[in-house]
Every structure is written in structure tokens, then in C-alpha cells.
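Undergrad: One letter stands for each residue in the lines below.
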Amino acid sequence: MAKVKIATDWLGGCAGCHMSVLDIDERIIGLLDAVEFTSSPVTDLKHPPKDGVTVGILEGAICNTRNIEVAKMMRERCQILVALGNCATFGNIPAMRNLVGTGEALKRAYVETESVVDGLIPASPELGIPVERVTGVDKVVKVDVFIPGCPPSADAIYFAFTELLAGRIPEFPPEYFKYD
Amino acid sequence: MEMVNLTINGRSVSAPSGSTILKAAKDVGIDIPTLCDHPSLTPIGACRMCTVEVEGQRTLVTACTFPVADNMVVQTESPRVVKARKLVLELLFSERNHICPSCESSGNCELQELGYRYGIDHWKYPAITKRFPIDATHRYMFLEHNRCVLCGRCERGCGELAANHTLGLGNRGSDSIINCDAMTPWGSSTCVSCGTCLQLCPTGAISDKRSAFMGRDTETERVKSTCNRCSIGCGIEVATRSNNVLRIEGDWEAVVNGGRLCENGRFAPLFESRKRITKPLVKTGDRQTEATWDKALSTAAELLGSVGGAEIGAVTTSDATNEALYLLSLIFRDNLKVSNVGMVNGAVPVLPGLPCGSLQDMLQSDIIIAAGVDPVSDQPVASFFVKRAVDLGARLILVDDKENELAPFASKKLGINEISTAADIAGEAASPFVLYGAGIAGDAMRALAKLGDKALFLALQPGVNTYAADALGFNNGFTPKSAKVLFAQIGEEGLTTGHMLAGIDDKTALIVQASYQSPLTQRADIVLPATIWSERKGSLTNSEGRVQKVNQAIKPQGEVKSDWEILSLLAETLTGKPPVTSLEELSTLAQQKITNKEI
Ligand code: SF4
Ligand code: SF4
Ligand code: SF4
Ligand code: SF4
Ligand code: FES
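Residue numbers (the working numbering), protein chains in the order written: chain E, 25 to 204; chain S, 6 to 604.
Note that these hints are calculated values from the structure, not bench results.
Among the clues, some could well be false.
A few chain E positions that, by computed beta-carbon distances, are all more than 12 Å from chain S [as the list claims (entries may be wrong)]: (1) Asp47; (2) Arg51; (3) Ile53; (4) Asp57; (5) Asp68; (6) Asn88; (7) Pro118; (8) Lys131; (9) Glu136; (10) Thr186; (11) Ala190; (12) Glu195.
Dumping the calculated BS3-like pairs for lysine-lysine here, alpha-carbon to alpha-carbon at most 25 Å [said to hold, decoys possible]: (13) E:Lys131 to S:Lys135; (14) S:Lys135 to E:Lys163; (15) S:Lys459 to S:Lys489; (16) E:Lys163 to S:Lys129; (17) S:Lys418 to S:Lys459; (18) S:Lys28 to S:Lys91; (19) S:Lys88 to E:Lys163; (20) S:Lys300 to S:Lys582; (21) S:Lys560 to S:Lys280; (22) S:Lys598 to S:Lys542; (23) E:Lys166 to S:Lys129; (24) E:Lys163 to S:Lys91; (25) S:Lys214 to S:Lys229; (26) S:Lys560 to S:Lys284; (27) S:Lys542 to S:Lys560; (28) S:Lys284 to S:Lys300; (29) E:Lys96 to S:Lys129; (30) S:Lys280 to S:Lys214; (31) S:Lys554 to E:Lys166; (32) S:Lys284 to S:Lys566; (33) S:Lys91 to S:Lys288; (34) S:Lys229 to S:Lys542; (35) S:Lys88 to E:Lys166; (36) S:Lys554 to S:Lys566; (37) S:Lys300 to S:Lys280; (38) S:Lys542 to S:Lys512; (39) S:Lys300 to S:Lys560.
The beta-carbon is built from N, C-alpha and C at its ideal position, and this holds for glycine as well.
Use the sequences and the hints to build the structure in full.
TA: This is how it looks when you write it as C-alpha cells:
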């Protein structure tokens with residue numbers, strides 16, 4: 025049987041959810057019999073292949089225009105899109121800047137920080153432009169599976185993989201369902 | 006009681022008429038989710054979490070307010086109900102800041118629990134992220150408006166349980182916030198720091214500063230016990246983690262206080278800064294040195310054996326357990342034949358043969374006489390009940406010659422020599438209640454006693470366990486002067502200078518049982534280190550004469566022992582055999598003696 029292709033990518037997050045994927049530990053070896061991780065931020069190939077994957081996984085919130093591009097690319101190239109973690113599902117910690125506004129937050133971080141002298145807000149054309157309001161992934165592309173958690177536990181992620189491999193959309197039992 | 010029969014989720018249920026659907030369901034184990042409702046508060050039906058489907062009703066109804074009726078058919082988890090609840094949750098999560106990882110309440114939050122229960126795995130609506138202030142001006146708590154769901158539990162608790170009316174709802178619509186005295190910073194408001202609001206808040210909007218971020222419920226242990234800060238004896242629940250007390254909460258199930266606590270009971274014990282004594286000390290020459298328990302106790306026994314009963318004195322704090330008071334009486338009064346025994350503070354003589362009322366009874370009364378008591382400062386939870394009764398329509402007659410903090414709530418103020426007038430007015434009432442204290446005596450007492458069976462009476466004792474100390478004979482004019490050997494059981498008491506023990510003769514041999522270092526322990530020939538409230542076991546008797554358990558919440562520091570344990574060992578050293586074989590036996594003996602006292 026052909027292996028199920030999975031790609032992961034990250035948006036505005038802390039990489040904690042990817043760490044939690046690795047926390048699956050030795051179970052990942054068994055998983056590799058059935059799936060192929062085509063690309064991820066920690067592999068050589070960073071973005072999902074053009075010919076597409078079955079499952080696309082996104083960590084992180086939508087914080088800037090670059091995040092929107094990455095989210096859209098993943099959506100186009102996968103059949104089932106998984107929002108992994110609180111940031112991808114709710115916006116979470118990055119979205120707390122909504123309480124002060126993006127402009128204020130940038131100023132506080134790059135100009136007014138006590139340790140900064142003559143600070144400048146970065147504005148390189150290579151960087152994405154911060155959006156006014158940070159949101160979860162579902163506010164820019166359609167999401168099929170949400171796995172909240174900051175980060176979700178390795179067990180929750182493993183459960184999601186096994187359910188998806190069995191052809192089911194996972195419904196998380198209470199022990200795997202959390203917001204922190 | 007008239008019962009009605011209804012069906013809930015296909016089950017036949019019978020419930021008292023007038024009860025709500027929520028109550029009827031709960032009684033048979035059907036769990037309807039709630040948020041703004043709390044069993045100790047008046048339901049207001051504000052949050053709509055508890056919506057259920059009632060056959061024949063056009064719209065869903067709120068179970069917390071809707072009364073049951075005969076033949077009613079209720080569905081509590083039908084698809085329509087679940088859909089409505091999810092919508093309510095979606096809307097609650099879309100307002101303010103419900104980003105749990107940065108919230109003090111995560112893991113202890115009713116809103117979060119509901120999100121889990123109904124599988125809210127993303128937010129349908131974009132979150133409104135208006136920023137609200139944080140009020141951290143209060144000494145013990147902070148109010149984080151950004152986590153508030155406007156359930157109004159804090160406000161109702163402040164009004165209905167503490168009867169303090171500090172909290173209210175300010176602004177309008179999505180700008181609404183809970184506020185203190187119409188927009189006064191909490192720290193400078195009329196708040197009396199009872200913490201009722203803290204205990205009621207279902208979310209991270211009100212948090213305890215001291216224990217914030219120090220452990221969620223799953224990481225803490227809870228032990229029920231009894232507050233030892235005054236003679237009300239409020240039921241408490243002590244939350245601990247790794248042998249540290251994090252927080253004290255009111256026990257909702259406690260008959261005495263029904264969850265209420267005051268500042269002294271809830272917060273003060275956690276701000277203790279005196280130095281503990283953790284090992285027995287014995288004076289050799291003019292220096293105290295650490296000693297074993299054996300050495301300290303045998304030295305104490307020698308001292309006590311070196312003089313006759315007439316030359317011994319024994320004095321106790323009123324914060325000793327029933328068990329310790331019983332043993333103190335056994336050792337000193339019975340065995341050593343000491344008559345110079347007493348307590349650090351006096352007792353209110355309980356009027357003989359009159360019906361005793363509880364604080365809860367006060368809420369049903371129409372006239373309250375408060376004579377010679379100032380519960381606002383001395384027994385604060387009692388004052389919450391007085392003020393609540395006044396809110397419910399009772400008239401308060403204050404009888405006191407001193408300034409009294411109940412004065413603003415009184416409809417009549419009389420001097421103690423006018424007490425008969427108060428009794429006459431109460432005599433005309435349907436259900437009068439008499440609260441009296443150390444401020445009245447003699448004739449004034451007799452004037453009140455004339456009310457007889459017509460009224461309920463409660464004597465508020467000035468000390469924690471004074472009722473028991475009095476019953477065991479410790480209220481009989483102790484004088485330190487005539488004692489050659491003095492046993493002072495001080496416990497946690499902080500003795501102010503000029504106190505009766507300050508007049509001890511220089512030559513008196515002094516054995517002190519105490520928890521904290523003080524001039525008295527420094528002066529002592531033998532110091533026996535005792536547990537504090539959180540470490541001890543035993544029982545206390547409150548002003549009503551109700552015997553309540555004190556349970557150990559954390560392990561004792563160093564080598565300290567419970568007050569009764571120390572006395573049990575002393576008795577064994579003196580007589581060669583232990584006076585009792587177990588705490589249970591001792592508690593029973595003590596309780597018999599205390600509650601059989603002739604009044
Ligand atoms: S109040 Fe409750 S739901 Fe809101 S952030 Fe705190 S834990 Fe989460
Ligand atoms: S602590 Fe007590 S008095 Fe103060 S606001 Fe809260 S409920 Fe009211
Ligand atoms: S502060 Fe807490 S109890 Fe008060 S309304 Fe807000 S959520 Fe409810
Ligand atoms: S009223 Fe007395 S017993 Fe109750 S909490 Fe306050 S100090 Fe403790
Ligand atoms: S619990 Fe019934 S409306 Fe809030």
C-alpha cells in the first residue's frame with residue numbers, strides 16, 4: 025500500500041507544537057511504515073510538494089501576510105488540513121497583541137523596550153507585513169481538523185494520526201482535549 | 006411538601022413544587038451545565054448555559070430559574086439544546102481575552118470546562134479584543150476584567166452572602182464591567198476583604214494574589230477544617246501543595262457559615278510573619294537550650310512536682326482544642342488539685358435555659374437585638390448575617406454604650422441601661438433574635454432573659470474556644486501572682502504588653518507551650534513548641550456550643566506537637582501512664598464534658 029503523505033509547516037507559533045509531534049517518540053517509527061513526511065520546517069524540503077499531500081498540518085496563528093501565503097499554499101496542496109495547537113485554532117498568545125493593536129505592539133517591542141537604543145521597526149520587503157488582527161488559521165482558509173492545546177500532547181497528536189490513517193476525522197476524548 | 010411529577014430525559018422524576026428544573030435534575034443526578042448559577046445565590050438566568058427544552062414552550066428555557074410543574078417533559082441534552090449551548094459558548098469565547106495558557110484559572114475554570122464539554126475546538130466568531138483594565142489595587146486579590154463573563158456571581162455574593170454591596174455592574178452593553186462602589190479602585194473601596202467574590206468567580210477574572218499561578222486544583226490537596234480565628238468557627242477548606250498552604254476557602258457545606266469567611270479567616274493566616282519555635286527548649290543557668298521532648302517534659306514534671314497544688318497556676322489561650330482543654334483540666338484541676346486556673350481572655354456567661362439560635366436562624370428573624378457585641382470587628386461573619394437579615398427586612402436594635410460598627414445598620418440605638426426597652430420591642434415581634442456579648446452583664450442580662458422562649462439567643466464568645474474553656478472550668482479569676490510554678494498554654498496567641506501574664510513574678514518558674522517566639526517564651530524556663538492551626542488535629546466548640554473538627558492540612562514543622570499531644574505526654578510523664586489511648590477516645594471524653602455542662 026502506498027504511504028500516506030503528510031506535510032507540516034508553521035506560521036506565527038513557537039515551534040512547541042512541532043516539538044510535541046517529535047514527542048511521539050518511538051511510536052513515530054511505527055508510524056513511518058504507513059506515512060511519509062514529505063516536508064516540514066525541520067526537514068530539507070520546507071514546503072509541501074506541488075503534487076500534493078493527503079494531510080497538511082499547520083502550527084501557529086495568522087500574524088502576517090507571509091503566514092497567509094503559507095496557509096493558502098498548504099490548503100491548495102493538501103486534502104485534509106489540520107490546525108495544530110492553540111495558535112492555529114484560536115490565535116492564542118500571538119493574538120494577545122490584538123488587545124493593544126499591532127502598531128502599539130511593534131512599537132513596544134522594537135522601539136520602547138528598555139534594552140533598545142535607537143530602535144527601528146523592521147520593514148524589509150522579504151518580511152511579511154503584520155496583519156492588524158491576529159487570528160486562527162480557519163479565518164483565512166478552510167480547516168478540517170482542529171487540535172487545540174498549548175501544545176497539544178504527543179498522545180493527542182498520535183491519536184489524530186492513527187484516526188486519520190483509519191480514515192476517520194478524529195474526535196478527541198476529554199483527556200486529549202485542552203486549551204493549555 | 007407538595008410534590009410534582011415530571012419527565013426529564015425520559016426519566017420519571019418527582020420534585021417538590023416550586024423547585025427549579027435545575028434542582029430537580031440535580032437531585033436525580035442529571036447534570037445540567039451552569040455558569041451564572043450558584044447553589045448559594047439567587048438564580049438570575051443571565052448566562053443561558055443551562056437552557057433546556059420543555060415540551061410546549063415556544064423557546065428554550067433556563068433550568069436555573071424555571072419552576073417544575075406536573076407532567077412537564079424536559080430534555081436537557083437534545084440536539085436543539087446542545088446547539089444553543091454551543092452558541093452561548095461561542096459568544097462567550099468571542100468576547101474579552103479567553104486565551105487560557107496565560108490565565109491564572111486555566112485548569113480551574115468553569116468556562117473552560119464547558120468549552121471542553123461541548124467540544125469547542127475553534128472559535129466561530131472573530132474575537133472582540135477590546136482591552137479592559139486590570140484592577141490590582143486590592144491587597145489580596147486582582148480583578149482581571151478581560152477574563153470576566155459578567156455572570157454576576159461576585160456581585161450577588163458580595164450583596165447576598167457578605168451583605169456588603171461593594172460590587173456592582175458598571176457601563177453598558179459590551180463595555181459592562183464589574184466595579185466597586187461605582188468605579189472606585191478596589192483597594193480603596195468599601196470592600197471588607199471577605200473574599201466571597203473570589204470564591205464565587207467561575208473564571209480567571211478574580212484571583213488570589215498570594216496563591217496565583219501556584220497550582221491548579223489537580224495539583225493541590227484539599228482538607229476541610231474549622232477556622233480558629235474567632236468563636237464563630239467557620240467551616241474552611243484548606244488548599245495545599247507540597248506541604249504548603251496555598252489558600253483558605255469557605256466550606257460551602259458548612260452549616261455555620263455556608264461558605265462565607267472573613268478577612269481574618271481567609272487571608273490573615275497566610276500573612277503570618279512571627280518566628281516559629283520548632284524544638285523544645287529548657288533553661289540551664291540563664292540560657293535556653295534545645296532539648297529533647299523527654300528532657301523538656303521530665304523537667305516540667307519535676308518543676309510541677311516540687312510544689313503543692315496551691316502554688317501552681319495554669320492558664321490557657323482560648324484557642325486550645327477541646328482535647329487540650331480537657332487534658333489541662335484533668336492534669337491540673339483533677340490530678341494536681343490546682344484551683345488557680347484560667348484563660349487569657351474572659352467568657353460571656355451563657356444565659357441559662359434559653360433556646361440557642363444559629364447565624365442562619367437570624368435570617369428568618371424580624372427583630373435582632375445586638376447587645377454588647379461588635380461582630381463587625383470581632384466575629385465578622387456574624388456581622389454578615391446581621392446585615393443580610395437587615396437587607397431582608399429585619400430591624401436591628403443596637404444596645405451598647407461604646408461605639409459600634411453595626412450602628413449604620415441599626416434602626417434603633419440604645420444604651421445598656423435602656424436594654425429593657427429593646428426587650429419590650431422584641432417581645433412584640435414574631436421571631437426575635439438576641440445576639441449578646443461581653444459588653445453586658447448582670448441586670449442587662451436579666452432584662453434579655455425575660456424574653457424567654459419567645460426569642461432565639463446567641464452569646465458571641467470573645468475567644469475562639471471560650472465555650473469549651475468555660476465549660477471545663479477555666480473561667481474563674483486566675484491570677485499569675487500567687488503561682489510559684491506556672492503552666493501557660495499560649496498556642497498562637499500574640500500577647501500584647503501589659504497583658505495579665507506580663508505581671509508574673511520574677512521568681513515564678515514558667516513552663517510555656519507556644520507556637521511562636523515572644524517575650525513570654527524568652528522568659529520561660531521550659532518551652533514546649535506547639536502546632537499552628539494548619540498542622541493540628543482535634544476539635545473546637547463554637548459560640549453555639551457546636552463541636553467541630555479541626556483537621557491537619559500540612560505536616561507539622563520541626564518537632565512541634567498538637568496541644569493535646571503535649572499534655573497527653575505531660576500526663577504520662579507525671580503519672581506513668583497515658584491518660585487516653587487515642588485521639589478519638591479523647592475527643593469523645595472532651596465532647597461529653599463540654600456539651601453536658603450545665604447551663
Ligand atoms: S477565564 Fe477560563 S476560559 Fe478564559 S482564559 Fe481563563 S481559563 Fe481560559
Ligand atoms: S471581598 Fe467581600 S466585600 Fe470585598 S468585593 Fe468581594 S465579596 Fe465584596
Ligand atoms: S468577575 Fe467573575 S464572578 Fe464576577 S461577573 Fe466576572 S466572571 Fe462573574
Ligand atoms: S468569622 Fe471568625 S471563624 Fe469565621 S472566618 Fe472570620 S475569624 Fe474565622
Ligand atoms: S446558569 Fe442558568 S442562565 Fe446561567
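Undergrad: Are the hints correct? Go through all of them and say.
TA: Here is what the structure says about each hint:
1. Asp47: Nearest chain S Cβ is 17 Å from E:Asp47, so the label holds.
2. Arg51: 23 Å, holds
3. Ile53: 29 Å, holds
4. Asp57: 29 Å, holds
5. Asp68: Holds, because the least Cβ-Cβ distance between E:Asp68 and chain S comes to about 32 Å, which exceeds 12 Å.
6. Asn88: At about 17 Å from chain S, E:Asn88 clears the 12 Å cut-off, so the statement holds.
7. Pro118: Not fine: 10 Å to the nearest Cβ puts E:Pro118 too close to chain S.
8. Lys131: 15 Å, holds
9. Glu136: E:Glu136 is indeed farther than 12 Å from all Cβ atoms of chain S, at 17 Å.
10. Thr186: 18 Å, holds
11. Ala190: The assertion about E:Ala190 holds, with a minimum of 19 Å to chain S.
12. Glu195: 8 Å, violated
13. E:Lys131 to S:Lys135: 19 Å, holds
14. S:Lys135 to E:Lys163: 19 Å, holds
15. S:Lys459 to S:Lys489: 50 Å, violated
16. E:Lys163 to S:Lys129: 9 Å, holds
17. S:Lys418 to S:Lys459: 22 Å, holds
18. S:Lys28 to S:Lys91: Roughly 22 Å between the alpha carbons, so the hint for S:Lys28 and S:Lys91 holds.
19. S:Lys88 to E:Lys163: 21 Å, holds
20. S:Lys300 to S:Lys582: Roughly 17 Å separates the two Cα atoms, so the pair holds.
21. S:Lys560 to S:Lys280: Since the Cα atoms of S:Lys560 and S:Lys280 sit roughly 17 Å apart, the hinted pair holds (cutoff 25 Å).
22. S:Lys598 to S:Lys542: 19 Å, holds
23. E:Lys166 to S:Lys129: 12 Å, holds
24. E:Lys163 to S:Lys91: It holds: about 19 Å lies between the C-alpha atoms, which stays within 25 Å.
25. S:Lys214 to S:Lys229: 22 Å, holds
26. S:Lys560 to S:Lys284: 15 Å, holds
27. S:Lys542 to S:Lys560: 11 Å, holds
28. S:Lys284 to S:Lys300: 12 Å, holds
29. E:Lys96 to S:Lys129: Holds, at roughly 19 Å.
30. S:Lys280 to S:Lys214: 23 Å, holds
31. S:Lys554 to E:Lys166: 59 Å, violated
32. S:Lys284 to S:Lys566: Judged against 25 Å, a Cα distance of about 10 Å means the pair holds.
33. S:Lys91 to S:Lys288: 71 Å, violated
34. S:Lys229 to S:Lys542: 11 Å, holds
35. S:Lys88 to E:Lys166: 21 Å, holds
36. S:Lys554 to S:Lys566: 17 Å, holds
37. S:Lys300 to S:Lys280: 23 Å, holds
38. S:Lys542 to S:Lys512: 35 Å, violated
39. S:Lys300 to S:Lys560: Measuring from Cα to Cα gives roughly 23 Å; hence the hint holds.
The structure does not agree with the numbered hints 7, 12, 15, 31, 33 and 38 stated previously, though it agrees with the rest.
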